[in-house]
Amino acid sequence: AQSVTQPDIHITVSEGASLELRCNYSYGATPYLFWYVQSPGQGLQLLLKYFSGDTLVQGIKGFEAEFKRSQSSFNLRKPSVHWSDAAEYFCAVGTPNYGGSQGNLIFGKGTKLSVKP
Amino acid sequence: DTEVTQTPKHLVMGMTNKKSLKCEQHMGHRAMYWYKQKAKKPPELMFVYSYEKLSINESVPSRFSPECPNSSLLNLHLHALQPEDSALYLCASSQAQAEIGKLFFGSGTQLSVL
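If you read the sequences in order, they're chains A and B.
Each residue of the first sequence is one higher than the one before, starting from 31 at the first, in this note's numbering.
Each residue of the second sequence is one higher than the one before, starting from 673 at the first, in this note's numbering.
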């Protein structure tokens with residue numbers, strides 16, 4: 031069965047510093063991988079996704095993520111964090127709706143990012 | 673218009689009340705979803721509608737009753753809820769059920785059951 035692990039519950043970085051949020055997945059085939067961001071009391075916004083092809087994926091708000099099959103990882107990075115990046119970040123693995131099977135997103139437990147001035 | 677609109681934003685209800693959550697999108701999406709998110713937890717899928725037909729019910733208790741009256745609207749009817757049902761309820765939509773990589777989420781309804 032597919033699963034997603036985000037090892038870090040809470041990370042604090044200084045504004046302007048670089049950021050890396052970790053995500054490991056378990057899935058039998060090539061996964062669909064996603065990063066979402068959620069501000070308090072808000073819905074989820076898609077930052078970026080990986081389906082196939084180039085393993086370095088660019089997203090919105092200056093974020094990028096790299097798919098590493100050998101490490102079963104899809105870590106999110108940003109070279110310089112802004113105070114407005116403080117939020118909850120969710121990694122997710124998606125199963126496609128092939129052959130009648132049900133498509134779904136499996137979310138990790140999330141990493142809360144705090145930004146120090 | 674790339675928004676999914678949910679109303680109300682906040683709802684407080686007693687265990688004997690009947691209330692409804694509403695979700696609307698005008699992107700022409702044919703798949704709509706309800707997720708439940710407890711505090712400090714990831715969202716969990718409750719229901720999926722595809723072309724206005726219920727496609728997935730993730731073993732949700734019958735006190736939650738979804739309805740998709742047309743391709744733009746999705747309702748979640750609530751009756752006899754328990755305090756543990758307090759959560760953020762998120763609606764989402766996508767072009768089709770297979771388009772799991774292109775979910776658009778609403779801002780959610782924060783539900784408190786007293």
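These are computed hints drawn from the structure, not numbers from a lab.
Any given hint might turn out to be false.
Unchecked claim - Restricting the straight-line Cα-Cα distance to at most 30 Å, the calculated cross-link-like pairs of lysine-lysine (BS3-like) are:
1) B/K690 x B/K710
2) A/K79 x A/K139
3) A/K91 x B/K725
4) B/K774 x A/K79
5) A/K98 x B/K713
* Asked: Is the straight-line distance between the alpha-carbon of A/K91 and that of B/K725 30 Å or less?
  -> Cα-Cα ~36 Å, so violated.
* Are the Cα positions of B/K774 and A/K79 separated by 30 Å at most? -> 9 Å, holds
* Proposed proximity, B/K710 with B/K690 (alpha carbon, max 30 Å) -> 21 Å, holds
* Is A/K98 close enough to B/K713, meaning Cα to Cα at most 30 Å? -> 26 Å, holds
* Asked: Is it true that the CA of A/K79 sits at most 30 Å from the CA of A/K139?
  -> 18 Å, holds
Checked against the numbered hints listed earlier, the structure breaks hint 3 alone; every other hint is satisfied.
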